[in-house]
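Enquirer: In case you want the letters, here they are:
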Amino acid sequence: MSTNITAAENLLDIRGLKKYFNVGKKLLHAVDNVSFTIPRGKTLGLVGESGCGKSTLGRVVIGLLEATAGEVFFKGKNALKFNAQERSEFRKQAQIVFQDPFSSLNPRMSVYQLIAEPLIINKTCRNNTEVSERVKVLMDTVGLAERLITSFPHELDGGRRQRIGIARALALNPEFIVLDEPVSALDVSIQAQVLNLLADLKDERGYTYLFISHNLSVVRYVSDEVAVMYLGQVVEKASNVILFQEPLHFYTQALLSAVPVAALDIKKDRILLEGDVPSPIDPAPGCRFASRCPNREEICTSEGPALIEVRPGHWVACHRVKPEPGKA
Amino acid sequence: MAIKSNSLWKLAFIRLRRNYLAILGFIVLFILVFVAIFADQISPYGYEQQDYMMIRQGPSAKHLLGTDEFGRDVLSRLIYGSRISLQVGLVAVAISLFAGGAIGAIAGYFGGRIDNILMRIMDIQLAIPTILLAIVISAALGPGLFNLMVAVGITSIPRFARLMRASVLSIKGMEFIEAARAMGASHTRIILIYILPNCMAPLIVQSTLSVANAILFAATLSFLGLGVQPPFPEWGGMLSAARPYLRTNAYLSIFPGLAIMITILALNFLGDGLRDALDPKQKR
Amino acid sequence: MSDKNTQAPLLDIRDLSIRFNTDSGVVHAVNHLNLSLQKGKALGFVGETGAGKTTTALAILHLIQSPPGEITSGEILFEGQDILRMTEAERRDIRGNKIAMIFQDPMTSLNPIMTVEDQIMEVVSLHTDAKGEELRNRAHEMLQMVGIRPERGKEFPDQFSGGMRQRVGIAIALACRPTLLIADEPTTALDVTIQAQVIDLIKHLQKMVETSLLLITHDLGIVAEICDEVAIMYAGRVVEYSDLRQLYTKPMHPYTQGLFNAVPRLDSEPGGRLAVIQGLTPDPTDLPEGCSFSPRCPYVQDICRQEALGLKEYEPGHFVDCHFPLGMNGGLGA
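Chains V, C and S are the protein sequences, given in the same order.
Residue 184 in numbering that gives the first Met the number 0 sits at position 185 of the first sequence, with consecutive numbering throughout.
Residue 225 in numbering that gives the first Met the number 0 sits at position 226 of the second sequence, with consecutive numbering throughout.
Residue 89 in numbering that gives the first Met the number 0 sits at position 90 of the third sequence, with consecutive numbering throughout.
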């Protein structure tokens with residue numbers, strides 16, 4: 000595959016990415032044929048319910064899990080085909096912040112050790128003084144008071160722990176950061192602080208984010224573009240404003256209508272989906288959403304819809320949504 | 000606001016300090032270690048020193064705990080015996096801890112086929128009654144202190160291997176291991192810096208309790224005549240030698256028995272205390 | 000605060016204080032809490048982690064582990080009787096019967112080795128004289144009510160999905176037709192689309208069974224959907240309490256206002272910054288002098304740091320624990 004196909008401004012370009020897990024003799028389709036791009040300095044919000052494969056996708060993208068098939072172009076080069084040296088360089092440029100600030104930090108390490116760890120592993124500093132200076136700068140960047148440098152994770156609240164997780168991800172000066180549910184374990188007042196921090200960092204340093212979350216309101220707040228995942232596949236993708244104002248996929252509409260709004264007098268017609276998400280193990284042919292879709296037709300259970308651009312920048316995978324003539 | 004930072008180890012120590020039984024156990028063990036080290040200075044007589052005038056004499060001012068059938072001072076023999084018991088306990092546990100720990104860590108971390116092979120070997124060993132296994136090993140290696148330690152050590156390898164494997168498996172699934180991989184840490188670094196320190200707590204507890212077990216087991220083997228040979232004073236051996244005189248000179252059995260009991264009790268108190276301190280969630 | 004109402008409230012908590020004596024000090028979990036709930040009403044009990052919501056709920060059922068827990072003051076009047084002064088036998092009679100609870104995690108709150116219908120029958124048989132077929136019929140009726148086919152009653156909890164398990168939890172809670180239903184974050188563990196189903200179900204059943212509902216949650220959105228009244232909790236106290244409309248249209252406590260502003264909303268503009276409540280929730284072993292929100296309050300005055308006020312009725316039915324409530328004369332906020 001030649002590399003010049005990727006437009007220069009797309010920091011990340013994912014094509015036909017698949018990740019299957021063996022479950023006994025069956026296959027669990029965690030990520031199934033996902034494609035999207037993220038322009039440099041932008042945030043793609045990836046929404047979906049638990050088990051839809053969004054976290055797996057994030058891990059495959061930065062190489063924590065091996066892809067079953069597909070391509071991940073990072074700055075125009077296929078990251079899945081990197082050699083050892085390129086891979087270690089990629090590791091520095093693509094980092095991840097985990098969901099659970101309790102289990103993602105080694106409980107035996109102090110704040111200093113935790114933040115210094117990536118610097119030491121990747122030998123980016125010449126000596127200990129340099130490491131300790133860098134740690135202090137990083138702590139300042141994420142708003143951790145220097146007096147906490149000798150503290151241990153169990154002595155800190157969730158918000159501060161998550162700041163450690165962010166400082167650690169920033170330590171190697173990455174360009175791209177996967178944020179895997181970075182605020183869902185935090186209380187609302189702390190959540191706002193962390194979201195503001197992430198927004199400030201992006202504005203100041205031009206980071207590119209893949210923001211994974213189940214919380215539509217949070218995604219709405221942070222994203223430039225939003226992709227909705229259902230059972231391993233992207234079912235709709237559009238710019239933030241379009242997706243939330245004019246969702247076309249029935250699942251997106253149901254998802255949006257299900258979010259409780261903290262205000263009175265906003266009476267929306269709630270679309271209650273029936274049943275549960277089906278199992279991702281050896282899924283049935285056809286549209287994955289067909290079993291819960293009230294608008295399904297015959298074709299939906301036999302043939303999976305492709306993700307097509309129905310309007311400029313608005314991609315939908317649904318047989319019932321046709322491209323607008325003359326626009327796409 | 001002053002920041003007082005406590006690592007998990009330090010917190011465990013603070014909790015341990017509040018447990019009186021554990022502290023008692025620790026003090027008893029400390030005295031025991033002291034006695035073992037300074038046996039030469041403390042004991043009133045040598046362990047082989049015989050007094051033909053005083054054969055099987057009960058406790059007296061001259062011989063506080065009496066004398067045995069060769070006229071040797073029981074107290075002195077118990078004091079020297081503490082050396083052997085502690086040595087057996089510590090070395091045997093060290094053997095099973097390192098062998099079992101390594102086997103368990105490898106099986107747990109790498110998983111798959113290696114895990115399967117190693118753990119089935121451990122299962123096979125577990126299926127053999129430990130006392131038979133120890134007798135066979137001692138018989139094959141011949142009697143003697145070192146062979147005794149090896150025999151006792153080998154028998155508890157599977158217990159440590161299983162424990163280690165279970166802890167490694169639970170730690171391996173934690174997100175911070177994934178975080179370490181995302182930073183580019185190597186396997187060695189992940190095992191040494193991330194997994195091992197987090198697996199130590201159950202191993203420390205198990206080791207403490209196992210020392211008690213090993214001492215008891217060594218006493219059993221010596222009692223059967225497979226352990227330390229006379230004239231070396233081993234507590235189990237002393238018990239064995241005292242058996243013919245159980246009805247006439249009960250003190251000959253009582254004092255070594257008490258020595259074994261107090262040591263084991265102290266170790267168990269400490270072990271229980273450590274477990275509560277290191278793993279507060281598992282409090283009963 | 001009950002004297003305003005002509006009808007005696009179903010639940011009336013007065014001056015409740017609960018503390019836990021732990022290794023690291025005395026945790027003041029609930030501090031002089033006042034709260035009342037009328038028959039048939041749904042009260043949203045909102046607060047962040049550690050605010051004391053669940054502790055209060057457990058106190059109502061008298062299920063606080065003691066030691067380390069200790070109820071140091073107050074009374075909990077349920078149908079006019081103080082739960083704290085009842086005998087254990089009297090309390091057992093109430094638990095699961097007149098006061099029932101729905102738990103947060105449907106994965107762990109059901110017994111994995113009992114079929115779901117047996118679990119419903121269990122609670123009914125504890126509190127009624129029903130036997131045999133009558134019990135089973137009752138269980139099937141309950142399952143049907145929460146939208147589970149009665150045939151599935153023979154299945155075990157692990158054969159159900161999270162949403163279905165929570166339905167079973169609701170069926171168990173409602174099996175004895177309680178007069179008070181306590182729901183502790185009943186949808187937090189569920190996905191959005193499943194959450195919508197469960198909220199809908201709770202809302203519907205609460206009206207149908209005519210039970211009062213105490214809904215513990217951190218989500219102001221869920222409260223807006225289900226509840227008639229709201230109590231906002233902070234550091235072991237109720238800081239604001241009123242009916243839904245008053246509180247949502249005119250929050251008067253700075254913390255309440257902060258909570259509303261800190262949550263990104265679907266109908267807000269993307270981008271921009273969220274209004275942050277500065278600082279952290281206070282350490283419950285070392286609560287600040289005066290108003291416990293004072294260290295974080297943007298409108299703090301000297302008196303706030305010295306003197307705690309307690310709930311005060313600033314407008315009819317609108318109680319606020321603040322010296323300078325927002326939007327009042329003398330208040331400083333907008």
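No lab work stands behind these hints: they were computed from the structure.
Watch out, some of these pointers could steer you wrong.
[What the hints assert, rightly or not] In silico lysine-lysine, DSS-like type, Cα no more than 30 angstroms apart, as pairs:
no., chain 1, residue 1, chain 2, residue 2
1, V, Lys80, C, Lys171
2, V, Lys17, V, Lys76
3, S, Lys311, S, Lys130
4, S, Lys40, V, Lys25
5, S, Lys311, V, Lys24
6, V, Lys17, C, Lys9
7, S, Lys153, S, Lys249
8, S, Lys40, S, Lys97
9, V, Lys122, C, Lys61
10, V, Lys91, V, Lys74
11, S, Lys40, S, Lys153
12, V, Lys25, C, Lys171
13, C, Lys171, V, Lys24
14, V, Lys91, C, Lys171
15, V, Lys135, C, Lys9
[Claimed, not checked] Quick list of the computed label-pair ranges, beta carbon to beta carbon:
no., chain 1, residue 1, chain 2, residue 2, range
16, S, Glu133, V, Ile270, 36 to 42 angstroms
17, V, Ser34, S, Glu288, 54 to 60 angstroms
18, V, Pro322, S, Glu312, 55 to 61 angstroms
19, S, Val25, V, Gln244, 34 to 40 angstroms
C-beta: ideal position from N, C-alpha, C; glycine also.
Enquirer: Looking back at the hints listed earlier, which ones does the structure fail to meet?
Expert: 3, 4, 5, 6, 7, 9, 11, 19
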